[in-house]
Amino acid sequence: MPTLPEAIEALEEAVRREERANDELAAAKAARRNLERHILPPLFSAARQKKFVHEDGTQAIKTLGSYARWPKDEKQREQATAFLAATGNLDALKTVVSGSWGRGEYEIAKRAYEELKKSNSAKVTMMEDIHWKTYENIIIETFKAGKVAIPFEEIGVEVFDEVKLTARRKTDD
Numbered sequence: 001m002p003t004l005p006e007a008i009e010a011l012e013e014a015v016r017r018e019e020r021a022n023d024e025l026a027a028a029k030a031a032r033r034n035l036e037r038h039i040l041p042p043l044f045s046a047a048r049q050k051k052f053v054h055e056d057g058t059q060a061i062k063t064l065g066s067y068a069r070w071p072k073d074e075k076q077r078e079q080a081t082a083f084l085a086a087t088g089n090l091d092a093l094k095t096v097v098s099g100s101w102g103r104g105e106y107e108i109a110k111r112a113y114e115e116l117k118k119s120n121s122a123k124v125t126m127m128e129d130i131h132w133k134t135y136e137n138i139i140i141e142t143f144k145a146g147k148v149a150i151p152f153e154e155i156g157v158e159v160f161d162e163v164k165l166t167a168r169r170k171t172d173d
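Going by this note's numbering, the first residue of the sequence shown is number 1, and it counts up by one from there.
No lab work stands behind these hints, which were simulated from the structure alone.
Misleading hints may appear alongside valid ones.
Unchecked claim - The calculated PhoX-like cross-link candidates involving lysine-lysine, where the alpha carbons are at most 20 Å apart (straight line), are:
#  : residue 1 : residue 2
1  : LYS133    : LYS94
2  : LYS144    : LYS164
3  : LYS164    : LYS50
4  : LYS51     : LYS72
5  : LYS51     : LYS62
6  : LYS144    : LYS133
7  : LYS164    : LYS133
8  : LYS50     : LYS62
9  : LYS170    : LYS75
10 : LYS144    : LYS29
11 : LYS29     : LYS62
12 : LYS133    : LYS51
13 : LYS75     : LYS94
14 : LYS144    : LYS50
15 : LYS133    : LYS62
16 : LYS62     : LYS164
17 : LYS170    : LYS51
This one's a predicted model, so the numbers in the text were calculated from it and none came from an experiment.
Taking the hints into account, I'd like the entire structure generated from these sequences.
Here is the structure:
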């Protein structure tokens, strides 16, 4: 069993190792993103290829990617909702209507729950949300179809070429 000072030193070293590992992970993720989105897509375009298969078994494919998260800003949400309506995807939204009552108002809350639209006793809010992957797929499909203009900045989304590994070489590791 270590002494208290030894255990504290071991903890400090573990924290330092974790910090170094997190820094290395962040750097690796940044390098990967740079290769996937900035370095490889122009190389694939220059070679007029969408897929690359190396003799060692490594495979990579160039696809269309996107980044789309439901906006937190109210104005962006309104524009994003209008965009979903214009593309026929409004049904992809999950809508939450909620109300809140103070202590001792259980009976009022129960009645309001049963007839929420008629009740004036509650502060009612409405929120919309959409799963990020569903939203990204809608953006990509709309972009590919080219029939509806996507207000990228107004709704906080982006579309880009990216290259992903689809198979890696066989190693003994």
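Each hint tested on the structure:
no., hint, result
1, LYS133 with LYS94, "holds, 14 Å"
2, LYS144 with LYS164, "holds, 19 Å"
3, LYS164 with LYS50, "holds, 11 Å"
4, LYS51 with LYS72, "violated, 37 Å"
5, LYS51 with LYS62, "holds, 6 Å"
6, LYS144 with LYS133, "holds, 16 Å"
7, LYS164 with LYS133, "holds, 17 Å"
8, LYS50 with LYS62, "holds, 5 Å"
9, LYS170 with LYS75, "violated, 50 Å"
10, LYS144 with LYS29, "violated, 28 Å"
11, LYS29 with LYS62, "holds, 18 Å"
12, LYS133 with LYS51, "violated, 24 Å"
13, LYS75 with LYS94, "holds, 18 Å"
14, LYS144 with LYS50, "holds, 16 Å"
15, LYS133 with LYS62, "holds, 19 Å"
16, LYS62 with LYS164, "holds, 7 Å"
17, LYS170 with LYS51, "holds, 19 Å"
When held up to the earlier numbered hints, the structure conflicts with 4, 9, 10 and 12 and fits the remainder.
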